[in-house]
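Trainee: Let the sequences and hints guide you as you build the complete structure.
Chains A and B supply the protein sequences, listed in that same order.
Per my numbering, the very first residue in the first sequence carries number 25; after that it's consecutive.
Per my numbering, the very first residue in the second sequence carries number 24; after that it's consecutive.
Hints in this document: simulated from the structure, not taken from any laboratory.
Being a predicted model, the structure only gives us computed values, none of them experimental.
Every residue gets a Cβ at the ideal spot worked out from N, C-alpha and C, and that includes glycine.
Treat the hints with care, as some may be off.
Calculated cross-link-like contacts (lysine-lysine; reagent style DSS-like; alpha-carbon spacing at most 25 angstroms) [claimed, not checked]:
1. B:K35 x B:K114
2. B:K115 x B:K80
3. B:K58 x B:K115
4. A:K184 x B:K58
5. B:K115 x A:K313
6. B:K52 x A:K29
7. B:K52 x A:K28
8. B:K80 x A:K28
9. A:K212 x B:K111
10. A:K28 x B:K35
11. B:K99 x A:K28
12. B:K99 x A:K212
13. A:K28 x A:K184
14. B:K115 x A:K29
15. B:K111 x A:K184
16. A:K45 x A:K286
17. A:K46 x B:K111
18. A:K313 x B:K111
19. B:K147 x B:K114
20. B:K52 x A:K160
21. A:K286 x A:K296
22. B:K58 x A:K313
23. B:K162 x A:K29
24. A:K192 x B:K111
25. B:K162 x B:K37
26. B:K162 x A:K28
27. B:K35 x A:K29
28. B:K58 x B:K99
29. B:K35 x A:K184
30. A:K28 x B:K115
Here are the computed distance ranges between Cβ atoms for each label pair [what the hints assert, rightly or not]:
31. B:K161 x A:E186: 34 to 42 angstroms
32. A:F201 x B:S118: 46 to 54 angstroms
33. A:K160 x B:Q98: 34 to 42 angstroms
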Amino acid sequence: MIEKKSFDIGYGNIEKINIGKKKDLVFIGGPCAIENRDHALKMAELIYEICNKIGIKLIYKSCYDKDCRSSNKSFRGVGLEEGLKILSEVRNSFNIPVVSDFSDPSWAAPTAEVCDLIQIPAYLCRQTSILEAAAKTNKPILLKKGQFMSPWNMKNSVNKLENFGNNKIILTERGTFFGYNMLVNDMKSLPIMAETGYPTCYDATHSVQLPTSAGNISGGEREFIPFLVRSSIAIGIDALFMEVHDDPKNALSDPNTVLNIKYLDPILRQAKVLFETKLKLDNEFGDIKVD
Amino acid sequence: MNLEILRLTNKKFKVHEVMLELGKFPVAKTTDFLKDSIELMDNYRLGIICVVDENNKLSGILTDGDLRRNLSNVQKPLASYFLDYTTKYIKKDASTIYENDTLNDALEVMEKKEIWDLPVLNDKNELTGLLHLHKAIKKILTNNIL
Chain A
25 MIEKKSFDIG YGNIEKINIG KKKDLVFIGG PCAIENRDHA LKMAELIYEI
75 CNKIGIKLIY KSCYDKDCRS SNKSFRGVGL EEGLKILSEV RNSFNIPVVS
125 DFSDPSWAAP TAEVCDLIQI PAYLCRQTSI LEAAAKTNKP ILLKKGQFMS
175 PWNMKNSVNK LENFGNNKII LTERGTFFGY NMLVNDMKSL PIMAETGYPT
225 CYDATHSVQL PTSAGNISGG EREFIPFLVR SSIAIGIDAL FMEVHDDPKN
275 ALSDPNTVLN IKYLDPILRQ AKVLFETKLK LDNEFGDIKV D
Chain B
24 MNLEILRLTN KKFKVHEVML ELGKFPVAKT TDFLKDSIEL MDNYRLGIIC
74 VVDENNKLSG ILTDGDLRRN LSNVQKPLAS YFLDYTTKYI KKDASTIYEN
124 DTLNDALEVM EKKEIWDLPV LNDKNELTGL LHLHKAIKKI LTNNIL
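Mentor: Right, here's the structure in full:
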């Protein structure tokens, strides 16, 4: 048997969040890109209040450099230095862990200096130099599953991270390419990736993406977010990931998939109830293995 | 199989005298992918691989026969099967023999279970070798120690 792994996210004085023991559902959320300081702080406050009220642990997510935009006209981000300053302010203001992705090996160390969790973008999930740089920061890693990857192939990426000395990994499902400009959601990937023993996460907003379907920008079918959230939690995950915005139409990144914050409260409430129900079912029936 | 020739000898071989030592047969870790284990078996040209935990304790074995049976039943894509952890398919209650047991003891187990390989353990239950019948006979005959 491959042992189940669990670890804490958070350094310094902030309250650490355990992942892997499946006691609490962890929510990883925020606007896709850091748009500016005020907006980041505003979003953090809104999301934090909702999570606090419901009793869900929050890791604030926002990126400083969206390196994978389709169009050179798209907003790329506030940049590493400014972005990390803002994330640090969010972290200190709300006493919560923060996460950002990074797209260049040289960005890993500065990102890990501020962030409690560092994210590997889906497109780069098998890029050895990126995995090496992430692993060597010794920070927990949110590893996105590439849209082009089978869930079992993610075990190779896990192996790379482990060989570079990091065994604090969260595996994230975010949809799989189905031909051009289309993703499908194969929920079997969650138990398959969980075979590694590492915690799993479901990214409910990128999963509804229609990649670059609008020519120079991705479309999305946001209406399916609540359905996918419910099914992923019923299957069994450790963390839920959603990008959230107060004004999706004018969001500077992923406007067609980001969740309007007005829906966050009911979706997270449902998620919490389902998560707790799932725990009860696990206690009652254990792992039902069918062969 | 007629094993009488080995039994008739006056010399009581100890298992460790005729076994394959570590490094001469395939050993995998529990976290190794099945594909890597199959390749290792192929490299050693042996139909068995021993799987050990981080303390070199035997977790189980996997044989050509197990792989054949798996292959005729596996429903998932081959790529997925290859990337399963070896531990998923091992036989955990494999017969073993201690290195200081006699070859006769080992032969009895082999005959009873109709198997030709036995993982060899020391008194701490760590894996130290593999008793492979064919190679054991060869070692005895080529060294003319009958």
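Trainee: Work down the list of hints and note, for each, if the structure agrees.
Mentor: Taking the hints in turn, this is what the structure says about them:
{"no.": "1", "hint": "B:K35 x B:K114", "in the structure": "30 angstroms, violated"}
{"no.": "2", "hint": "B:K115 x B:K80", "in the structure": "12 angstroms, holds"}
{"no.": "3", "hint": "B:K58 x B:K115", "in the structure": "19 angstroms, holds"}
{"no.": "4", "hint": "A:K184 x B:K58", "in the structure": "16 angstroms, holds"}
{"no.": "5", "hint": "B:K115 x A:K313", "in the structure": "18 angstroms, holds"}
{"no.": "6", "hint": "B:K52 x A:K29", "in the structure": "18 angstroms, holds"}
{"no.": "7", "hint": "B:K52 x A:K28", "in the structure": "17 angstroms, holds"}
{"no.": "8", "hint": "B:K80 x A:K28", "in the structure": "20 angstroms, holds"}
{"no.": "9", "hint": "A:K212 x B:K111", "in the structure": "18 angstroms, holds"}
{"no.": "10", "hint": "A:K28 x B:K35", "in the structure": "47 angstroms, violated"}
{"no.": "11", "hint": "B:K99 x A:K28", "in the structure": "23 angstroms, holds"}
{"no.": "12", "hint": "B:K99 x A:K212", "in the structure": "12 angstroms, holds"}
{"no.": "13", "hint": "A:K28 x A:K184", "in the structure": "18 angstroms, holds"}
{"no.": "14", "hint": "B:K115 x A:K29", "in the structure": "23 angstroms, holds"}
{"no.": "15", "hint": "B:K111 x A:K184", "in the structure": "21 angstroms, holds"}
{"no.": "16", "hint": "A:K45 x A:K286", "in the structure": "30 angstroms, violated"}
{"no.": "17", "hint": "A:K46 x B:K111", "in the structure": "23 angstroms, holds"}
{"no.": "18", "hint": "A:K313 x B:K111", "in the structure": "13 angstroms, holds"}
{"no.": "19", "hint": "B:K147 x B:K114", "in the structure": "21 angstroms, holds"}
{"no.": "20", "hint": "B:K52 x A:K160", "in the structure": "24 angstroms, holds"}
{"no.": "21", "hint": "A:K286 x A:K296", "in the structure": "17 angstroms, holds"}
{"no.": "22", "hint": "B:K58 x A:K313", "in the structure": "24 angstroms, holds"}
{"no.": "23", "hint": "B:K162 x A:K29", "in the structure": "45 angstroms, violated"}
{"no.": "24", "hint": "A:K192 x B:K111", "in the structure": "22 angstroms, holds"}
{"no.": "25", "hint": "B:K162 x B:K37", "in the structure": "13 angstroms, holds"}
{"no.": "26", "hint": "B:K162 x A:K28", "in the structure": "44 angstroms, violated"}
{"no.": "27", "hint": "B:K35 x A:K29", "in the structure": "48 angstroms, violated"}
{"no.": "28", "hint": "B:K58 x B:K99", "in the structure": "15 angstroms, holds"}
{"no.": "29", "hint": "B:K35 x A:K184", "in the structure": "49 angstroms, violated"}
{"no.": "30", "hint": "A:K28 x B:K115", "in the structure": "20 angstroms, holds"}
{"no.": "31", "hint": "B:K161 x A:E186: 34 to 42 angstroms", "in the structure": "39 angstroms, holds"}
{"no.": "32", "hint": "A:F201 x B:S118: 46 to 54 angstroms", "in the structure": "48 angstroms, holds"}
{"no.": "33", "hint": "A:K160 x B:Q98: 34 to 42 angstroms", "in the structure": "39 angstroms, holds"}
Consistency with the previously given hints fails for numbers 1, 10, 16, 23, 26, 27 and 29, ordered from lowest to highest.
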